[in-house]
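Asker: Respectively, the protein sequence lines represent chains Z and C. In this text, residue positions in the first sequence follow my numbering: the first is 1, and each later residue adds one. In this text, residue positions in the second sequence follow my numbering: the first is 1001, and each later residue adds one.
Be aware that one or more of the hints could be misleading.
[Claimed, not checked] Stretch-level coverage of chain Z by chain C, calculated; a stretch enters the list once three of its residues show a Cβ under 8 Å from a Cβ in chain C: (1) 30-41; (2) 181-187; (3) 209-220.
These aren't lab readings, by the way, just hints derived from the structure by calculation. From a predicted model like this one, the values you see are computed outputs, not experimental measurements. Backbone N, C-alpha and C define an ideal beta-carbon position, used for all residues, glycine too.
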Amino acid sequence: MEFKDYYKILEVPREASQDDIRKAYRKLARKYHPDVSKEPNAEAQMRDINEANDVLRDAEKRAAYDGVAAQVSGANGAAPGPGWDQGFEFSGANGAEPSQAEFRDFMAGLFKQAAQQRRTQERGQGFDAGRGQAQNFRGEDHHADIEITLEDSFAGVTRELSLRSVQLDAKGQPQLVNRTLSVKIPAGVKAGQMIRLAGQGMPGEGSGAAGDLFLTVHFAAHPVYQIDGRDLTMKLPITPWEAALGGKVHAPTMAGAVEVNIASGSKQGGKLRLRGKGLPGDPPGDLYLVLDIVWPPADSEATRAAYEQLAKAAAFNPRRHLGVSA
Amino acid sequence: MSNVTVCAAVLVDEQAPVTIHELARFCDQQIEWVVTLVDHGVLQSLKQLEQPELWVFTSPAVARARQVARLQREFDVNLDAAALIADLMQEIGQLRAALSNR
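Make a model of the complete structure from these sequences and hints.
Answerer: Rendered as structure tokens:
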């Protein structure tokens, strides 16, 4: 685990008061909170900001952190000088950089403590939380996001996910483990839909069951369709004569082209609904076609003549309702 | 160490919703907090049952509860303010989607 300078993350000096830290946190939360932020990488930034805030806002954790930080980077935040680590015994370094191992233990300690407090609360009075006894805890759930394409949702897709998680080895030391999950995502999945992968979260303690992994689905922007639940919307370009006279045109759908009837006198922005042609499901979504009248350019003798003829024939003033005569 | 595990994905929907206990756990809260959200009309259980123990929730409710929990925790605001922010964020999202449709 990389050492994180929480003061740097919150952009405050080491001697910052609790008020300063609170203000700095508010400011950064407004900027990076994933619910309100447009910054790229907002979620990862916010995670660091929250982690820093959790530690620095708690006097006890802050003191513990300051102690470790002083060991890692030398006193007063200066760069570690030669021999800074002498006389300090690191546990479980195993060739990793001592500072990192120490920091990892510090973080593991903090979060373990918090998790155990929470579990004890969850189980209420009757729970035997005696120290040193073998305890069976369900593993923590994990939450992650997954981006798929509209085509993936239409047909269903199998995705390989590479996950990196910390697991305890036989000696109880945290180890980074890479694992690959092959996940079959069913057809008709909607944006915002959660998917549960049972038993793929953190392993349990003792004989406790493993937690679950939850994926929240997001759609990549699609060049043709806008997505709203299972309904899809697309612009369908038509010619002025198709709009005026009506006729049959071909429209692409996720399942291939279909023939649609354009009513005579159709207007720009008019909507047609193709029932059941959206994303599959029960019930399946609909496909909305928004008519977009496209005029051919007057770039040849013949088309210019045609426009001139139309101008004479129609005697049409679209600005009459604005009170102008031409 | 690397291995491939093939697993079936289960959609969190009407057929397989999450329980009130699971929802509370996702939000790092007690179930009383979820009950308050439902009582205040911030969240809706899939089935309107008397006993909160039997309440279940689908994906949109989970997303909303987690958002409200985040807002409460990270901006240190009360439930009403967090719910209002969540409503406004949802409306902005819908407006942005409508704009991109034009």
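Asker: Look at each hint and say if it fits the structure.
Answerer: Here's how the hints hold up against the structure:
{"no.": "1", "hint": "30-41", "verdict": "holds (count 4)"}
{"no.": "2", "hint": "181-187", "verdict": "holds (count 6)"}
{"no.": "3", "hint": "209-220", "verdict": "holds (count 3)"}
In this structure, none of the earlier numbered hints is contradicted; all agree with it.
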